[in-house]
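Colleague: Given next are the chains, with one letter for each unit.
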Amino acid sequence: MSADGASDRQIGVECYGVLQQVCGGRERRVSVAGLPATVADVLEGLARDVPDARRYLQHTACAIGDRIVQRDARLEAGDTLVLLPPVSGG
Amino acid sequence: MSADGASDRQIGVECYGVLQQVCGGRERRVSVAGLPATVADVLEGLARDVPDARRYLQHTACAIGDRIVQRDARLEAGDTLVLLPPVSGG
Amino acid sequence: MLQHVTDQSLELDPLLTQTESEECGALVVFGGTVRLYNDGRKVTDINYSVYAPLAEKMLSEIEQETLRRFDIVRCEIRHRVGDLEIGDLSVVVVVRAAHRAAAFEAARYAIDTVKHQVPIWKYEVYADGSSAYVKGCPLHNENETETGQEAAAE
Amino acid sequence: MLQHVTDQSLELDPLLTQTESEECGALVVFGGTVRLYNDGRKVTDINYSVYAPLAEKMLSEIEQETLRRFDIVRCEIRHRVGDLEIGDLSVVVVVRAAHRAAAFEAARYAIDTVKHQVPIWKYEVYADGSSAYVKGCPLHNENETETGQEAAAE
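Those sequence lines, one after another, are chains A, B, C and D.
When we follow numbering that gives the first Met the number 0, the leftmost residue of the first sequence carries the number 0, and every step to the right adds one.
When we follow numbering that gives the first Met the number 0, the leftmost residue of the second sequence carries the number 0, and every step to the right adds one.
When we follow numbering that gives the first Met the number 0, the leftmost residue of the third sequence carries the number 0, and every step to the right adds one.
When we follow numbering that gives the first Met the number 0, the leftmost residue of the fourth sequence carries the number 0, and every step to the right adds one.
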């Protein structure tokens, strides 16, 4: 983490499946107004940065580590939000 | 086939499963009143020869070669009637 | 030539290779294996006997009927006979289909039908020294009305 | 250590050996295989990607839940990821039970649940040069009411 205020207000995001394609890569950082931020804040930030991603977010589950989290879960600096669009294994 | 009348009035029988056990072997010959004989005639002859077999015959299917035959099917000298009690493969 | 009934160990790999199909997304295999306990009794020896002329014909017909009834691409059935050991495969059904629903239904239908229609008999010897032909299903006799009853010798 | 997800070929034999049980009379295997055609389009390349931390946990939980729901003795699930070829096994479910009804039901439940709950994504490249993530199932989010809808990018 850098010491400047901007990166302190960023959350790491990992995008899978179609969101990786739409976002042009698996990993990115999303700016939020302050920390801790909610999952909903981070998704809104991502949709602002990548407008094409917005239509996928409603059906995208979110995880931190190996836990599925709800839209009101909180993220601290250093957390990574993992975005899991509809799955197609099997 | 021998030339005497008695063996001309016999039908070969092959017994499987529990009937092989009850009849003490897979193959035997059953005397009938005349030829052609019906399947029912042969089963009756077998039950006369091996009384313990009778109770299994109601649920025993009969075959000639690879065909299941009904109780009124006719057997000629040289035919073999195959007795198939309830099956337990798998 | 016996194709469906064998007195050798049943091997899955050749059947899987033989049924490979690029149309298929689903494979369902059913295997019947010899259990150590049956109805609470410990089994020490097991033997399957067969009336081969009809068993071959029935197994082939069950394959064809399964292919006809379900939206599947392949159905192969093999049954072992003779002396088997605990854990040995006694029967194998291999079904391949485009989709899994049909593959599951077809495999279930095939093994259920094998158990009801193929002239094969299972004989068990138990640890207490007794032995028996296992209770079975009467082969359907189209002209008769009674079906589904079971009979066994103790 | 990844136990359920692998980028290597899925092999059935080790799973069969590993699950052998003398209590069991029934073995049901489901295998998912890569099809040449999907929705009428010819597939040339296929790739599965995974979010491994959650996929491992979900596959382990699905095994446990399947064992809990059905009268079965063993349930093992393996999923392959990375680049696959037509005909390759992408997923394998192995169930062993005393009796076949439970084995079939459990295997069906397990693969259905894998397809709905495990964070794995299938990406196909088609012969016409196009490519797509295959339509999927939204992961259930317990606090939300909408479920079962599908989304895909063309």
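Heads up, a few of these hints could be off.
[To be verified] Now the in silico label distances, taken between C-beta atoms and shown as ranges:
| no. | chain 1 | residue 1 | chain 2 | residue 2 | range |
| --- | --- | --- | --- | --- | --- |
| 1 | C | Glu21 | B | Gln69 | 45 to 53 angstroms |
| 2 | D | Thr5 | A | Arg66 | 44 to 52 angstroms |
| 3 | C | Asp12 | D | Asp82 | 17 to 25 angstroms |
| 4 | D | Arg68 | B | Asp71 | 34 to 42 angstroms |
| 5 | C | Arg40 | B | Gly11 | 58 to 66 angstroms |
| 6 | D | Ser20 | C | Asp6 | 20 to 28 angstroms |
| 7 | C | Gln63 | A | Gln57 | 30 to 38 angstroms |
| 8 | C | Asn46 | D | His139 | 30 to 38 angstroms |
| 9 | C | Asp44 | B | Asp65 | 27 to 35 angstroms |
| 10 | C | Glu84 | A | Arg66 | 14 to 22 angstroms |
| 11 | D | Gln17 | C | Glu84 | 36 to 44 angstroms |
[Unchecked claim] Residues of chain B placed beyond 12 angstroms of chain C at every Cβ, according to the derived structure:
| no. | residue |
| --- | --- |
| 12 | Glu13 |
| 13 | Gly33 |
| 14 | Leu34 |
| 15 | Pro35 |
| 16 | Arg47 |
| 17 | Asp48 |
| 18 | Gly64 |
| 19 | Glu75 |
| 20 | Gly77 |
[Stated by the list, open to error] Using 20 angstroms as the maximum straight-line C-alpha spacing, the simulated EDC-like pairs for lysine to aspartate or glutamate come out as follows:
| no. | chain 1 | residue 1 | chain 2 | residue 2 |
| --- | --- | --- | --- | --- |
| 21 | D | Lys56 | A | Asp65 |
| 22 | C | Lys114 | D | Asp44 |
| 23 | C | Lys114 | C | Glu64 |
Calculated from the structure, these hints are not laboratory results.
By construction, the Cβ of each residue, glycine as well, lies at the ideal position given by its N, Cα and C atoms.
Colleague: Name the hints, by number, that the structure is in violation of.
Modeller: 2, 4, 5, 7, 8, 10, 11, 12, 18, 22
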